[in-house]
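K.L.:
Sequence:
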Amino acid sequence: MAHFIEDFKAGLDRDPATKTGFELLLTSPGLHAIWNYRVAHFLWKLKLRTFSRMFANIARIATGIEIHPGATIGRRFVIDHGVGVVIGETAIIGNDVLMYHGVTLGGVVNAPVKRHPTIGNNVVLGANSIILGDITIGDNCKVGAGAIVVKDLPAGKIALAPIATVK
Numbered sequence: 001m002a003h004f005i006e007d008f009k010a011g012l013d014r015d016p017a018t019k020t021g022f023e024l025l026l027t028s029p030g031l032h033a034i035w036n037y038r039v040a041h042f043l044w045k046l047k048l049r050t051f052s053r054m055f056a057n058i059a060r061i062a063t064g065i066e067i068h069p070g071a072t073i074g075r076r077f078v079i080d081h082g083v084g085v086v087i088g089e090t091a092i093i094g095n096d097v098l099m100y101h102g103v104t105l106g107g108v109v110n111a112p113v114k115r116h117p118t119i120g121n122n123v124v125l126g127a128n129s130i131i132l133g134d135i136t137i138g139d140n141c142k143v144g145a146g147a148i149v150v151k152d153l154p155a156g157k158i159a160l161a162p163i164a165t166v167k
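Going by full-length UniProt numbering, the first residue of the sequence shown is number 1, and it counts up by one from there.
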């Protein structure tokens, strides 16, 4: 239950567009997806895999956010906007992570191994960023909007996508 309350408080603290807890509770697809994931992950750990996947699928249909119930997600996780987020089965996400819409934590192999990224604590993942493979994004990193990361990012670093040029 503590995770649910912490996720709620983190959502209030990190989303300047949300003015009240009531508004967050009723209108945040990110919060709904995270809470649904917490239940699905609990079922996953109980080896109730089919029910867990069904629960995750309901959240995907309702929010446009796909979080595999086998993923491991830390405390105070916030998804802002959220549509198009995909978090793979073997992804590990630390505490105090802020993720924007369109983020993919994807795999590059089709094998029963650790194939998704590990995200450290206090990380910001910008809109439409793509992190692929069994790589690590260190603590206190920022991944800019549209960045594609396929190698480890050391703690405290920033990964940026090329900026559009005007002609």
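Do not rely on the hints blindly, as some may be mistaken.
[Said to hold, decoys possible] Pairs of lysine to aspartate or glutamate, EDC-like flavour, derived with a Cα cap of 20 Å:
hint: 1; residue 1: K167; residue 2: D134
hint: 2; residue 1: K157; residue 2: D96
hint: 3; residue 1: K19; residue 2: E6
hint: 4; residue 1: K142; residue 2: D152
[As the list claims (entries may be wrong)] Using C-beta positions, here's what the derived DEER-type ranges look like:
hint: 5; residue 1: V109; residue 2: I5; range: 33 to 43 Å
hint: 6; residue 1: G21; residue 2: V108; range: 33 to 43 Å
hint: 7; residue 1: K19; residue 2: P112; range: 19 to 29 Å
hint: 8; residue 1: K47; residue 2: G74; range: 19 to 29 Å
hint: 9; residue 1: F22; residue 2: P112; range: 22 to 32 Å
hint: 10; residue 1: V108; residue 2: T72; range: 16 to 26 Å
hint: 11; residue 1: I58; residue 2: E6; range: 17 to 27 Å
Keep in mind the hints are simulated off the structure, nothing from the lab.
This one's a predicted model, so the numbers in the text were calculated from it and none came from an experiment.
Quick reminder that beta carbons are idealized off the backbone N, C-alpha and C, glycines included.
K.L.:
Run every hint past the structure and note whether it holds.
P.N.:
Hints and how they fare:
1. Of the pairs offered as hints, the one joining K167 and D134 is violated, with about 38 Å between alpha carbons and a cut-off of 20 Å exceeded.
2. For the suggested pair K157 and D96, the alpha carbons sit about 16 Å apart, so the restraint of at most 20 Å is met.
3. Between K19 and E6, the direct Cα distance comes to roughly 17 Å. Compliance with the 20 Å bound is thereby established for this hinted pair.
4. Taken as a hint, the K142 and D152 pair is honoured in the structure, with Cα atoms around 13 Å apart against an allowance of 20 Å.
5. The beta-carbon spacing between V109 and I5, approximately 37 Å, falls within the hinted interval of 33 to 43 Å.
6. Taking the beta carbon of each, G21 and V108 are about 40 Å apart, inside 33 to 43 Å as hinted.
7. K19 and P112 have their C-beta atoms about 45 Å apart, which leaves the hinted 19 to 29 Å range violated.
8. One distance hint, 19 to 29 Å for the beta-carbon pair K47 and G74, holds here, with the actual separation near 22 Å.
9. At about 43 Å, the beta-carbon gap between F22 and P112 misses the expected band of 22 to 32 Å.
10. Taking the beta carbon of each, V108 and T72 are about 19 Å apart, inside 16 to 26 Å as hinted.
11. Checked against the hint of 17 to 27 Å, the pair I58 and E6 passes, with Cβ atoms roughly 23 Å apart.
Checked against the numbered hints above, the structure breaks hints 1, 7, 9 and satisfies the rest.
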